[in-house]
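Participant: Residues per chain, in single letters:
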Amino acid sequence: MRKGQRLLILPLLMLMLCGGCGRSDAVILGLDLELSGKHALYGTACADGVRLAVEEKNAAGGLLGRPVALAEMDNRSLGSEAALAALRLEGLERASAVIGPSTSGTAKAVAGSGVALPVIVPTATADDLMAAGEAPIFRLCYTDRTQGRVMGSFGRALGLSRAMVITESSSDYARGASDAFIERFGEMGGEIAGQLFYPSGESDFHPLITRMRAERFDCIFLPGYYGEAGLFLRQLRAWGIEVPVLGCDSFDSPAIETIGGRALGAIYFSNHCDPADPAVEAFAGRFQARFGYAPNAYAILGYEAARLSFQAIERAGSDDPAAVRAVLEDPDFYYEGLTGGMRFDGEGNAVKRVWINTIDEGARYALGEGRED
Amino acid sequence: MAAAQLACGLSLGMIYALIALGYTLVFGVLRMVNFAHCDVMMVGAYAGYFASRWFGWGLLPAMAAAVLCCALLGAAIHRWVIHPLERAGGISLLTGALAVSLILEYGMMALCGAQPRAFEGQFAGGVLHLGRLALPRDRMLVLLFSVAMFLLLEWTLGHTRAGRGMRACGSDRLAASLCGIQPARAGRTAFVLGSGMAAVAGVLYGGMFYLHPLMGAAPGLKAFCAAVIGGIGSIPGAVLGGLTLGLAETFATAFLPTALRDATAFLLLLILLLLRPRGMLGREERT
Amino acid sequence: MSGRRMLGVGLAAALCLGAVWTAGDRYAAGVFCRLTLAAAAAVGLDLTLGLTGQISLCHGAFMGLGAYAAGIFAVRYGPAGLCMGLLCGMGLAALTAGGTGWFVLSLHGDYLAVATLGLGEVLRVVFENLPAGGGVRGLTGIPRTTGPLFCALLLVGVLLLAFRLKRSRWGRFAAAIGADERAALACGIPAHPVKVAAFALSAAVTALAGGLWAGMIGFIAPSDFAFTRSIDLLAAVVAGGPGHILGPALAAAGIEGLHILFQPLGRWQMLLYGVALVLLLRFRAGRRGHGVGRAHPQK
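Residue numbers (numbering that gives the first Met the number 0), protein chains in the order written: chain A, 0 to 372; chain B, 0 to 286; chain C, 0 to 298.
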């Protein structure tokens, strides 16, 4: 047995040594995503978005006259793996930038890992991400707090006055958005009928719904992932509860209709883009043709993250991570893409528009811009 | 209100019971915890899904396809993982089952992607009306099939030769082999049967909720707790355990802080193990 | 004996050399720390699984206990706090393990596995609801004080402790219990207290590894110490040979190495890991031909 294990170490060393060679010509973009584990759902969609962007770029002639290569690292939805992957991408793979991770927990681990190359985080919305460490993080999505506040204001703007909040207990995303919603809704004169929790991966919401029915409310706030949200909506509507359901960007996936069924009722959620925008529709068509499923918010933001890094590298004129970082840290850096125009604020958070989307008889479109105030 | 909670709890419990039956059968005969059971269930769900999508089959034909698929899978797992590891002891078997679980989960993820899918149309939704009661169709199906599986198992174990062989191996392997029963064959039969039942559970569960390569993990763990609570190795125990757990979780959601609901199953498990390790209907453990 | 001692000294020297060599590059240091800490944690599990034959599926959670204790103290009080936290974590893990073990270790084989599974899940829920630990958000800002030398010294210390224990009188009691508990009882060995002590000690060692883990990554979350972590530890001990101490340590390092090796393979990583594990288990079963562990006697 020992012999066998010794034999394993040799190829490991070789792989580590040869890791950098063979790709000296290409500009290397690192991926640090959840390709397996409990968040594989989001990481793989993000990765596919990045892959499409890279393929399109290479077909159009590459970056700085060179092909773009992806160094994909699977962090298995674990913080320790994500941190190590980021270190590997910096040191061994010599990436110019890292895209990922796609969830807040793993992103925080990368923040604290001590890497110096720019990390473009497409979809991690935790409020305390920037405070988690000193790695140069540039976040493409808005924070939980922003989303919660936007939906709180929107709810009041719709004339809703008593909200029931349903939160996934093991998700910091859900908790952050819920807390912000409760605060904002209350500030604007609304009342909270109560807050109930469900464990992640929950599929049967009947006990929760039964408990809810004892309360009086005219809307529900559910910042949940589309799998559970879809099930919840299906079961909720089957009970005949027709109140509007407010959600966040994690609602954005065609799967919510497949899972939730046709009769989703009135739902509104904050999102990154307007699905009826022709550019977005064109992208969706290309994505579907390439990967066989319709893109969701994660895929779109993955695509945008890649395009943003291309722009930064071109502006820097080189693939040196320090130069790319300097470009991204420049307050004048402006990126226009599928999600509109955006800048980074001093901390690396995106300053961009929040769209309120709705799904009506299968048609998805944006009602307009959401505002926090 | 209490009646609604009760109905919820019982129907949730039947889902757990359906899955728990497979765990308990394999444990009773092979004396191993089959951690791969919930992933075989997931494979069954996908098999049913593809059968209904590619060929347009209805519930029963799709389920039959899933059962066939999982039975073959179960035979393969037994031949290549379980049987070779049997002589290496319980811990190896446990770890082997965990490894199979990983292979199934990530194999499916590599093949079909991580995005969730749902059965179309006829599986999901629909409500049956009996007088004033509105019963969800999918829950009724779960109840129907759970009862059918339970009866099938009881009959098989009690009245067929293969069943008697399985029971004999479960009680005392050495004595059984002395009586001319081949333990390996009995073990394989049990495993294949358990996998077939997992397929039934998978198609129904997938129809009620959605399909995803990791879908088996959460209900599997809970159903396993249910099997232990009811007495692992006992068929009626699996059903009783499932119902108990379903009721306990529903009432916990109703009356306790919902954030702690997740722990209900495991706390109940621990308490029961400390007070009555063999479970509610389990037999006395003979070493 | 002298040959073994030389091997031991050689191993310790190699570890320290490795620590110094990798200290410069952050990635290499990270890899080294992970390999050594995984090995130390696996040795911890081996103290109960290998010596007394008790299955535990919750050692990942014990690692978490150590990590959270160390992390919380370190965030509050800085690097000095880390040491306090390490001790606190070890104590807490030993108490939890000893306390629940007292009741749970009277169960046999698979029941014990199930009970430890339940305990692990309960601990996970505790981590998720711990306000000081950041709850589900995880604990950020842990000062990264764990260096490769620290980890190397830990592994050497743990290995030394384990070998000493194994050869001591207490260790022989434990081995006897692991082989055949009834016979051991008949010989007057106090089986239950020895099992509980082994469980508590193994929890403490794993917690120590967990505390240093927290200091290495700088961020911990409840999901880092869930069931998958326990599976990794279990796989390491089973693949390396329960009771062999060095075997599980090498196997754990090997498994971590496999994860690192396969990382660029993306979605195929876990599939290959599962297949490798099955092959490894079959290989061991085939060679040995007899029990890897007596979870329950096969008749």
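No wet-lab data here; the hints were simulated from the structure.
Do not rely on the hints blindly, as some may be mistaken.
As the list claims (entries may be wrong) - Taking beta-carbon pairs under 8 Å as the criterion, some of the chain B residues facing chain A (in silico):
| id | residue |
| --- | --- |
| 1 | Gln4 |
| 2 | Phe49 |
| 3 | Cys111 |
| 4 | Gly112 |
| 5 | Ala113 |
| 6 | Gln114 |
| 7 | Arg116 |
| 8 | Ala117 |
| 9 | Pro135 |
| 10 | Glu153 |
| 11 | Trp154 |
| 12 | Ala174 |
| 13 | Ser176 |
| 14 | Phe208 |
| 15 | Ala253 |
| 16 | Asp261 |
Glycine included, C-beta positions come from ideal geometry on N, C-alpha and C.
Participant: For each hint, tell me whether it holds in the structure or not.
Facilitator: Each hint, compared with the structure:
Taking 8 Å as the C-beta contact cut-off toward chain A, the hint placing Gln4/B at the interface holds, the least distance being around 6 Å. With a least beta-carbon distance of about 14 Å to chain A, the hint placing Phe49/B at the interface is violated under the 8 Å criterion. Hint status for Cys111/B: violated, given a least beta-carbon distance of 10 Å to chain A, over 8 Å. A hinted interface residue such as Gly112/B counts as satisfied when its beta carbon comes closer than 8 Å to some beta carbon of chain A; here the least separation is about 7 Å, so the hint holds.
Using the Cβ-Cβ criterion of 8 Å, the hint placing Ala113/B at the interface with chain A is satisfied: the shortest such distance is roughly 4 Å. The restraint placing Gln114/B at the interface with chain A holds, with a minimum CB-CB distance near 5 Å, inside the 8 Å limit. Hint status for Arg116/B: holds, given a least beta-carbon distance of 7 Å to chain A, under 8 Å. Annotation: Ala117/B was flagged as interfacial toward chain A, and the flag holds, the nearest CB pair being 4 Å apart, inside 8 Å.
A hinted interface residue such as Pro135/B counts as satisfied when its beta carbon comes closer than 8 Å to some beta carbon of chain A; here the least separation is about 7 Å, so the hint holds. Taken as an interface hint, Glu153/B does not check out: its beta carbon lies about 27 Å from the nearest beta carbon of chain A, beyond 8 Å. Checking Trp154/B against chain A by beta carbon gives a least distance of about 30 Å; that is not within 8 Å, so the hint is violated. Annotation: Ala174/B was flagged as interfacial toward chain A, and the flag is violated, the nearest CB pair being 35 Å apart, outside 8 Å.
Among the interface hints, the one on Ser176/B is violated; its C-beta lies about 31 Å from the nearest C-beta in chain A, farther than the 8 Å criterion. Here the hint on Phe208/B is kept, as its CB sits about 4 Å from the closest CB of chain A, short of 8 Å. Nearest Cβ of chain A to the Cβ of Ala253/B: about 5 Å, under the 8 Å cut. The hint holds. A least Cβ separation of about 4 Å between Asp261/B and chain A falls short of the 8 Å threshold, and the interface hint therefore holds.
Checked against the numbered hints given earlier, the structure breaks hints 2, 3, 10, 11, 12 and 13 and satisfies all the rest.
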